[in-house]
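Novice: Mind docking chain G on chain E? Use the hints.
First to last, the protein sequences are chains E and G.
For what it's worth, numbering that gives the first Met the number 0 labels the leading residue of the first sequence as 0, then goes sequentially.
For what it's worth, numbering that gives the first Met the number 0 labels the leading residue of the second sequence as 0, then goes sequentially.
Calculated directly from the structure, the hints in this document are not laboratory data.
Among the hints, erroneous ones may be present.
Said to hold, decoys possible - A partial selection of chain E residues facing chain G, derived with a Cβ cut-off under 10 Å:
id : residue
1  : Leu12
2  : Ile20
3  : Leu60
4  : Trp63
5  : Gly68
6  : Val69
7  : Tyr107
8  : Pro110
From the three backbone atoms N, C-alpha and C, an ideal C-beta is built for every residue, glycine too.
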Amino acid sequence: MNNLVIMPIIVPLIIGLVMVIFRQKILFHKILSVFTLIATGVISGFLIYQVKYNGIQTLQLGGWEAPFGVSMVADMFSGLLLLTTSIVGLLCLVFAFGSIGEDRERHYFYPLFLFLITGVNGSFLTGDVFNLFVCFEVMLISSYALITLGGEKKQLRESIKYVLINLLASFLFLAAVAYLYSVTGTINMAHLAERVGEVGQSGIITAVAMMFLFVFSLKAGLFLFFWLPGSYSAPPTAVAAIFAALLTKVGIYAIFRFFTLIFYHQPEVTHLIIGIMAAITMLLGAIGAIAFNDIKKILTYNVIVGVGFILAGLATYTHEGLTGSIYYLIHDMVIKAVIFLIGGVIIALVGTSKLNDISGLIKTHPYLGWMFFIVALSIAGIPPLSGFIGKVYITEGTFAVGYYWLGAIGLITSLMVLFSVMKIFMNSFWGETILSEDMEKSSTKGVMFPIVTLVLLTIGLGLGAEGLYDYVNIAVESLMNPSSYIEAVLLGYSD
Amino acid sequence: MKKPNDIILRAVTNVAVVIILTFAIYLFLAGHHNPGGGFIGGLAFAAALTLLFLTYDIDSIRANFPFDFKVLTAVGVLIAVFTGLGGILFDKPFLFQAFDYFNLPIFGKTELATAVLFDVGVALAVIGTAMVIIMTISEDR
Chain E
0 MNNLVIMPII VPLIIGLVMV IFRQKILFHK ILSVFTLIAT GVISGFLIYQ
50 VKYNGIQTLQ LGGWEAPFGV SMVADMFSGL LLLTTSIVGL LCLVFAFGSI
100 GEDRERHYFY PLFLFLITGV NGSFLTGDVF NLFVCFEVML ISSYALITLG
150 GEKKQLRESI KYVLINLLAS FLFLAAVAYL YSVTGTINMA HLAERVGEVG
200 QSGIITAVAM MFLFVFSLKA GLFLFFWLPG SYSAPPTAVA AIFAALLTKV
250 GIYAIFRFFT LIFYHQPEVT HLIIGIMAAI TMLLGAIGAI AFNDIKKILT
300 YNVIVGVGFI LAGLATYTHE GLTGSIYYLI HDMVIKAVIF LIGGVIIALV
350 GTSKLNDISG LIKTHPYLGW MFFIVALSIA GIPPLSGFIG KVYITEGTFA
400 VGYYWLGAIG LITSLMVLFS VMKIFMNSFW GETILSEDME KSSTKGVMFP
450 IVTLVLLTIG LGLGAEGLYD YVNIAVESLM NPSSYIEAVL LGYSD
Chain G
0 MKKPNDIILR AVTNVAVVII LTFAIYLFLA GHHNPGGGFI GGLAFAAALT
50 LLFLTYDIDS IRANFPFDFK VLTAVGVLIA VFTGLGGILF DKPFLFQAFD
100 YFNLPIFGKT ELATAVLFDV GVALAVIGTA MVIIMTISED R
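Just chain E, with the same shape it has in the complex (with noise of 0.2 Å):
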């Protein structure tokens, strides 16, 4: 039993709600959300201190038992991911205080932040697949408000589609669980895991497991990523930047958990299907980066590349690919944010997202534009930055299992989404500067911090990451051995 597990959920939760109740105190809010970060910032590092000396730490709430309670639990994997989101989120928030406008303070924007922090932290540390169900529905719900904050024309057009979609996703995701229960008689994961593992994974199991693996592409972007590029255009960059961070990487997590916990019997079945789907979803995304001349659309494409690369990492099934997706996975929620801050940014400046309206940036904002260039390296996978070592892993795994088509999309992929982010920097840095300092829409004065922050952090992840190796090699193992999972989930209580 360790009562920290629950907290990185109660915690924003809790300062949310008191923000609701005292509403008008927009400094207040600023102050305390930006505490509220750190401290699930701390809580998280504590955390992954734990698990890396004392094993996976579970909470069972109420004092119910596993598998009859809703089980907690942190293991390496969420750990790592919650301290990344923690601290991903805190940037945003800080990019958001000098953009997002008073009229939406004023609508409970940080609330609405917190909340949604609230269910993707609920959703990396659950261990019940319907409580699951519960902190998906929490974020969603958070980021439907969060889309259509503000109200206008564009953005209830987007969130329409936004929210059918999901609603859609997450009517068949409690289907699944339906099925589940109905085969298994179970919803807790390591309960579940094991009896999977007793009586061996039959077709129907199988067939399940591909009914949870769309439900979650959906919400990733895998394959499934039609909605995608519409509804992380519409919102202002602070809610794009995190939504494109964070709530994609909650269906990868998603998908990680369950096909290395519990449908991992049959790989030659369910991860080539995801395999096949990731390299579907690598090509289109790359095609539709290239493909247009808008910066928004640009960088949403980017984001679907992103998915498609991480999880063709966990269609290995190997200690390589998944230590690759791991990297990667911290990878691009930090570099995906800061895309997002920067082209946001340069939209704001100009005041269209039309490349060829863009030109000659780099006169009057020479850090933004190097900045940018570091950035479109880091995503390109250039070393030393972050993309580096999470490519080399994955491409690695790639064909050790001999999934050569594989690793060679990736590769070509990856050439591509350097051609698109640079046509970025190019188009919109170099050349003719057509506009001067006091004709410009807005200023960079206040959101500079975050962005330097995030491209520090980049540089770091890359030069740091044999540091980081022992947490991630703590992740993988317990990811390819989920027996430690279930031991401390079902025998880990003591009272």
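Specialist: For chain G alone, coordinates are given in the frame of chain E:
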């Protein structure tokens, strides 16, 4: 302005609201061992308030319930979360509940459980949410 001819509705409402509210509290308390609980009790309570809104106009009801339902929702959830946190103080898991039997005057031997406090929070949250939804769709803008 013409006075609405709704004497029957008003007469029925005045009696029915008392019955519904009593039933809501009964449902709430029954919930510990029998069907009922904070969620259904709260919904029944919200139903009584909705009936009042339909019979009388919103302004006069609001004058008698002068609090913001959004705040009520937040307070309800906070009560529920803090009851869950109570267990942590005694080194028990989050959401741990305790109960015991007490000899109270009038009631005799009664079971008192901390889960009821949690349910109070649930009930307030449900009442608040239901009323916010109804008030929002009744506003036209």
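Novice: Does each hint hold? Answer for all of them.
Specialist: Quick rundown of the hints versus the structure:
Interface hint at E/Leu12: satisfied, since its Cβ lies 6 Å from the closest Cβ of chain G, which is below the 10 Å cut-off. Checking E/Ile20 against chain G by beta carbon gives a least distance of about 5 Å; that is within 10 Å, so the hint holds. Checking E/Leu60 against chain G by beta carbon gives a least distance of about 5 Å; that is within 10 Å, so the hint holds. Of the supplied interface hints, the one on E/Trp63 holds, with its beta-carbon coming within about 9 Å of a beta-carbon of chain G, less than 10 Å.
Taking 10 Å as the C-beta cut-off, the interface hint given for E/Gly68 holds, the closest approach to chain G being about 9 Å. Below 10 Å, beta-carbon pairs count as interface contacts, and E/Val69 has one with chain G at about 9 Å; its hint therefore holds. Taking 10 Å as the C-beta contact cut-off toward chain G, the hint placing E/Tyr107 at the interface holds, the least distance being around 9 Å. For E/Pro110, the suggested interface contact is upheld, since its CB lies about 9 Å from the closest CB of chain G, less than 10 Å.
Of the numbered hints stated above, none is contradicted by the structure.
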